[in-house]
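With the hints as constraints, model all of the structure from the sequences given.
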Amino acid sequence: MCHQTVSLAARHLEENGIATIVMGCAKDIVEFCGVPRFLFSDFPLGNAAGRPNDPQSQAFTLELALRVLEAAPAPRTTAQSPLRWSADPSWKLDYSNIERLSPDEIRRRREEFDRQKEIAKTVRNEPTVAS
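At the far end of the sequence shown sits residue 131, using the numbering used here, and the numbering has no gaps.
None of these hints come from the bench; they were simulated from the model. Every residue gets a Cβ at the ideal spot worked out from N, C-alpha and C, and that includes glycine. Be aware that one or more of the hints could be misleading.
Cβ pair distances, simulated, as ranges [claimed, not checked]:
hint, residue 1, residue 2, range
1, C2, N53, 20 to 28 angstroms
2, V129, R109, 31 to 39 angstroms
3, P52, Q80, 17 to 25 angstroms
4, N97, N16, 39 to 47 angstroms
5, C2, R124, 15 to 23 angstroms
This is how it looks when you write it as structure tokens:
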């Protein structure tokens, strides 16, 4: 979801008495929007809740977010997660940088993206089971 949209929604909720914390990877956007509490993860976009397929990093990130929500000392508090995507910072140059991908890799990623969209449509259209 868009960092700006989440940030504006958080501000609206806060104005109506509901405490929020935004977990995100786009520090500049979220801080510009002025959310009350923000947990920044220096990860690629789309990974604000922790590393993919890594329940420990996801649980840690959620716990940290809840601690920031509970104990933020002032409005517009930003906390930074100590987790790192990689010890080598060059991932920031390479991650989803289309200029560094071959045409075959771009095609492969597009096909995978389209496949995931089809899966999501199927799941979305499945009837829900009443509990």
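- Which hints, by number, does the structure contradict? none
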